[in-house]
Structure formats: C-alpha cells, structure tokens
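Number of protein chains: 2
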Amino acid sequence: MAVFAIDPRLLSASEPLASLKLSEARLQADARWPWIVLVPRKVGARELEHLTAADRATLMEEAVAAGVAVRAIGAASGRPVEKLNIGALGNRVEQLHLHVVGRRADDPAWPDPVWGMGEPRAYSESVLAAAREAALTALQGMKRK
Amino acid sequence: MAVFAIDPRLLSASEPLASLKLSEARLQADARWPWIVLVPRKVGARELEHLTAADRATLMEEAVAAGVAVRAIGAASGRPVEKLNIGALGNRVEQLHLHVVGRRADDPAWPDPVWGMGEPRAYSESVLAAAREAALTALQGMKRK
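Chain order of the listed sequences is X and E. Using this note's numbering, the letters of the first sequence correspond one by one to residues 1074 to 1218. Using this note's numbering, the letters of the second sequence correspond one by one to residues 1074 to 1218.
Mixed in with the good hints there might be a few duds.
[Stated by the list, open to error] Computed footprint of chain E on chain X, listed as stretches where at least three residues anywhere in the stretch have a Cβ under 8 Å from a Cβ of chain E: (1) 1128–1135; (2) 1144–1158; (3) 1161–1174; (4) 1177–1190.
Please keep in mind that the hints were generated in silico from the structure rather than gathered at the bench. Keep in mind that this is a model prediction, so the values were computed, not measured. Beta carbons: idealized from backbone N, C-alpha and C, even for Gly.
Turn these sequences into a full structure, and let the hints guide you.
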C-alpha cells in the first residue's frame, strides 16, 4: 500500500504548520506574502476530481480557515491582507495542493498572480515565529483530532 | 434589494454558457486555453468566506464539472487538457469568480499561470461553436433546474 508523502519540492519551499482533517497545512517560506499551502493526505491525487465530494467540501472549508490564518499572519506583521488568492495549479509539482495567499495592492506582484514570480524572500526568525503563532491560532478549530 | 449582476469586465471577456445551481458558467473568450469562469449569483460576494459553507460545497462541485467541460473543449479542438488550473484571484475584478483553465505543457504560458499573460486570442466561429457544444454537454447535469 502506498504511503502518503509530501513532494520534496513542496517540503523544501514551506514549513509545517498543522495537520488538518484532510490536509497538511504548511507555511510557504516566502516573507513576501502570507501564504499557506494545503496538501490533502491522499496518495496519488493530482486534481480535485481525485478527491471524493466529501473531501472536496472539507478542502474548501480548510481553504477558508487558511484564509483566516493568512489574514492573521498579515495583521501580525503589520500588513493587513486586502484580498485572498486561492489557486490549485500543479504545473510544476503535480501532487494536489492548494495555495491560499494574502495579497495587497502594494505587494511585489500585484495585480498579477504570485506563482512563478521572482525569488522567495526568507523570513526573519522573529517574523516567522509571529506568523506561525498567528496562523496556528487561526487554524486551531480545523486541526485533526 | 440589490440585484445580482455580472461585472462588466467579466461580461466583456467571456460568453454565456449555462446557469448552474449556484453560478453562471461562462466561456472565457480566449482561444489560447479552454477556460470557464464561474460567477456565483451572490450580490456583494468577493471572497469564498462570503458564501455559506453549503454554497461553497456547491461551487466546488461546479468547479469539478467545469473541469470536465474544459477537458471536453480541449478534446474537441484536438488539444487534450493535461492539467487543470483552478483559481480565485479577484485582484483586478473584485466580484467573486472562479477560473477553471485547461493547461498543456506546450501552451503559451506553461508552467506559469495564465492570468495577466499577454492578450486574448479570439476564437474562430467554428471552433467556438464546437467548444460551446462540448462544454454544454459536459455541464448538462449541473444546470439550474
């Protein structure tokens, strides 16, 4: 039986945040945007159609919770989120994953999408700790029992 | 009471396809990609969090159906879809809308996102008719009663 694993490219671009009911929630290691990636724990899933309808509904609710978390990260860093961007692309990494990104009109890619845009900027340790704490508080209610 | 209307910028970039249970499904007027835009008929909605959880689950199912339709358009035009890209951005047009786009490794933006990429290419009349027919057949089961 195949065992679930997160693609190494997703792993190296992000840090673990929380195990939610369906997905692993990870903080994208890019201080340019408050950004959470959800990776459903389903072996071989590449498209939404590879999840059951019930799991898709769960993923949708996890995306909304991730949006709350992303807003919390933005607020904690003094840059409140003005718009959420949600995307499931998978053109580079085919494992199903959903991006939830906080955007502002003064961010480095606005109004274009963030994906494939420039190079990530590392978090400072203190900002990362604040971002993690804000995100974890916001995700608390969605954590796997 | 405010009446639902589709933002003129979405209207001018797309053609009507079908009224689904929650959303208006529209064919993006850009022959570079098989591309459907779903616009939930909810006045004032800008983010997923402005829909109820039940409506969000419906939107998710409409996105999967739109994916089937997008694959049908690709097949009808001899360019089968290899990957679906799903996105809710709203950086330019704030009315909540969800993009479902069929991608191929030989398409003009791959592996980058399609949003904000170059200028739309008009459909020829015959290809447009085939695309509409393929999409409508695929969306039949999701149409508003």
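Verification of the supplied hints:
Counting residues of the segment 1128–1135 of chain X whose beta carbon lies closer than 8 Å to any beta carbon of chain E gives 5, which reaches the threshold of three, so the coverage claim holds. Only when three residues or more bring their CB closer than 8 Å to a CB of chain E does the claim for the segment 1144–1158 of chain X stand; here the count is 3, and the claim holds. Note: the segment 1161–1174 of chain X has 6 residues with beta-carbon separation from chain E under 8 Å; the three-residue rule is met and the coverage holds. Coverage of the segment 1177–1190 of chain X by chain E holds [criterion: at least 3 residues with CB-CB distance below 8 Å; count 6].
Comparing the model with each earlier hint shows no violations; every hint is respected.
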